[in-house]
Amino acid sequence: MVIFQIAKASEYVSVLKGEEKTRKQNNRINAFFLLGFLVFGLIGAWYCNDLYYGKTLFPQGSASIEGEKIDEMMWITIIITGVVFIITQVLLFWFSFKYQEEDNRKAFYFPHNNKLELLWTTVPAIFLTVLVVFGLKFWFKITGDAPKNSIVVEVTGHQFAWEFRYPGADQVLGKKDYKLTTAQNNLGVDFNDPASLDDIHVNTTMHIPVGIPVKMVIHSQDVIHDVGLPHFRLKMDAVPGIPTTQWFTPKITTAEMRAKTGNPDFVYEIACDQLCGPSHYAMKGVIIVETMEEYKKWLAEQKPAYFTIFPDKAPKPVITDSTVKTTAQVLIKNN
Amino acid sequence: MKTIKNMSSVATLHHEDVHGSHDAHHEHHHHETFISKYVFSQDHKMISKQFLVTGIIWAIIGGLFSVIFRLQLGYPESTFPWLEDLLGHWAEGGKLKPEFYYALVTMHGTILVFFVLTAGLSGTFANFLIPLQIGARDMASPFLNMLSYWFFFLASTIMFASLFVQTGPASGGWTIYPPLSALGDASSGSKIGMDLWLVSMSMFIVSSLLGGLNYITTILNMRTKGMSMTRLPLTIWALFFTAVLGVLSFPVLLSGAILLLFDRNLGTSFYLSDIFIAGKILPNEGGSAILFQHLFWFLGHPEVYIIILPAMGMASEILATNSRKPIFGYMAMVGSLFAIAILAFLVWAHHMFVTGLNPFLGSAFVLLTLLIAVPSAIKVFNWITTLWRGNIRFTPAMLFSIGFVSMFISGGLTGIFLGNSSLDLHLHDTYFIIAHFHIVMGVSGVFGMLAGVYHWYPKMFGRYMNNTMAYIHFWVTTIGAYLIFWPMHYEGLAGMPRRYYDYSNWESFKMFGGLNEFISFVAMVVFAVQLLFVFNFFYSMFKGRKVTDTNPWKSNTLEWTTPINPGHGNWPGEIPEVHRGAYDYAKDGHDFIPQNVPVGEDETKH
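As given, the protein sequences belong to chains A and B, one line each in that order. Per my numbering: the first sequence = residues 181 to 515. Per my numbering: the second sequence = residues 43 to 648.
No lab work stands behind these hints, which were simulated from the structure alone. Just so you know, nobody snuck in bad clues.
Pulled from the structure, derived: some chain B residues nowhere near chain A, Cβ distances all over 12 Å: (1) Ser78; (2) Ile103; (3) Val109; (4) Ile110; (5) Ile200; (6) Phe202; (7) Asp237; (8) Val289; (9) Leu296; (10) Pro618.
Straight-line alpha carbon distances no greater than 16 Å define the calculated EDC-like cross-link-like pairs of lysine to aspartate or glutamate that follow: (11) Lys464/A / Asp544/B; (12) Lys588/B / Glu199/A; (13) Lys359/A / Glu327/B; (14) Lys552/B / Glu449/A; (15) Lys585/B / Glu191/A; (16) Lys596/B / Glu200/A; (17) Lys235/A / Glu549/B; (18) Lys552/B / Asp445/A; (19) Lys286/A / Asp630/B.
Some chain A residues flagged as far from chain B (calculated, every beta-carbon gap over 10 Å): (20) Ile245; (21) Gln364; (22) Glu436; (23) Trp478; (24) Lys483.
All of these numbers come straight from a predicted model, not from anything done at the bench. Just so you know, even glycine gets a beta-carbon here, dropped at the ideal spot from N, CA and C.
So that you can see chain A by itself, here it is in the shape it has in the complex (with noise of 0.2 Å):
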């Protein structure tokens, strides 16, 4: 209402002041507004990156040796683009002031320039093949294979949990077959698969050793979701019907990042990346990176799901030394 008031009445005032007058008078306010909004823009855009800069990934680095490739690029990219935001936001703020109009300037007749126009064409092609190369060199390396020593996890995600496959002792999950699916062979495994029989199963927290590239194959129950690991700045679909893998090698466990970050609780949270349901923002997954005796101690700790999920055939002396090598004994005898 206010805002209405002081509106009509600054139009009166024009009427009575001369709308010419008043056009003129609002032209040389408004220039210099925008002017003003360029200053005060730049200076806001220091201030916005001194608040918020430290709360981005940059400054801990990146979790993954194939996430660095990224912040690389994405510093190469910030650099470039950097240039060209101050470059053209300058230009356009500092004509709109500076061209204003004057009673005695009189616009320039200037429609086209070839010249001109060749060279903002190619200059930006030019940039831009830089940061394709590069993209795509990075790219590749990162969609490639796996390396050959890759620990192989399955990544399974539904409505609103992850869980994880690991192949046991002789290196290879058991097939699987959704129709199998129930409430305790809830990743539908095929138990007939003796590859099966040593996978071990786990929810929600993934354990994984440092320095050795780790290969996800990822999938999904009912919709899709997304594999997002912030940290080793890594994503990855998960779809039903249809698996997907993702490869990594994590760099730094999570008691380093904890030391680094100087926070306590820090964990490695896998984010789910795409919109699955109400719960979607609540989907979250943990990743534990340790050293290779950490994780090798609790591979060991772990019991087959064959076990858990047909609790009649587990081996019923208790083994004192329940080392992987040792279950899978176990199972020999019992088949």
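Chain B: place on chain A using the hints.
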């Protein structure tokens, strides 16, 4: 009084002129009833106003939805009892339910992208400007044009009705990816609300096709004498390419939507395979959820150019007029519009880099995507050069056009990040993409639309909008838009995912609570100032200062050669003949030379 009398005699005159040839129906046309003039009108100007007013109503609804879900994001711990009064069981105890949060997000996107920035923007200005600027009495088929609006109205009604169904409107995001959108068990928004969404969008596509075919036909066939294609104002070129994009890509979305309706209701398996949900094993096998994404983005990407091209065209026209200079590099501007229109069809899979797409295929899409930056750069530099050594008048339309260029630069540059697949691995579906497309498509598109409204308002209604309110509107909106979206890039660089209802349980993202609150606050201020614009728009229709000059902006294009309130048929007498391009400003010492002025003997060629 005198003017009004003049007007009516003018209107009668022209009617005789247009319809003189078919005498049998002559009488019939003289008595325009309320229904034939304002409701089932076949006058392109009235249809354009219908699109604009419907678009504004949708914009208020869509904007209000964003304010409500920003409340949840900014103040996740608080409750707002009035929300329960407004939304009932969706906000029990004053706290928004996640189901409805996602419904609001989905509807905000659907409404703004399709109903406001496609129908409200192209629908309004293609209808209004094409006949007026090319020198035609109306569209090639006024009847199809009328149907185009009424199909849009039907689509609007169905979408609006879907807001009130028991299980809520569609809530799978505006991209409605199956299987989420295909299975009622996956989310309550995927029940009847989703069917209504699909039916509504199908009607919308029919509307868009009827309109688009009409625009193309009219531009190609109904230009006045002397109006060669290379003399067309850039608005018309932009609207032409927009219509071509729509006609070629919307049918693909229609096919995608129909297959999804089949999957939902007829037991087909186009998009479904290997699904175990709500304790049930579904029989569907062999479908591909990714197929839908290909079909969706084959429209979805051209769609963003359907939004931005008209804004570019109008900004070009307004920048040249108010700089009192020719647009710099007319042919390059047309060429870059053409290049963008072609490339728009060849980049859709850059939305799908993380779906498991073949990396080699992905690399082709990286190359084609970044290629778009070249014509975009040409446009930006040409706009800036148009300002250079001009004599600039800062009308509200001009300010919004300058704001448009600024936003287009800011948002366009972040596209170079996201189009590069290796960076997309990190930034995909984070707040970085939210910031990117809101600036480059949302805010830029809205700025283009607002610039157009302010510039052509005198032609539409014969009155001016209030300037003071317009200036307040511009400055609060521009500053607010940057305050909202600029810091979101930082959230994106922290990996913060989009479409989360609450971040407070995430160790990785909870540190942005204060910033989210700030953004929500600014969003409310910006929304409030849009209501000021809406008030200005409707108030000025009845009480605004009357236009006394047929050519208030001293512009060259043909719409300013019509009477102040043109009747159906636009020109009372002969349609003017065109003798030159639309940008002869500052030529040979003349401030401007309208297109219908014959070339003088001593005039220089260019």
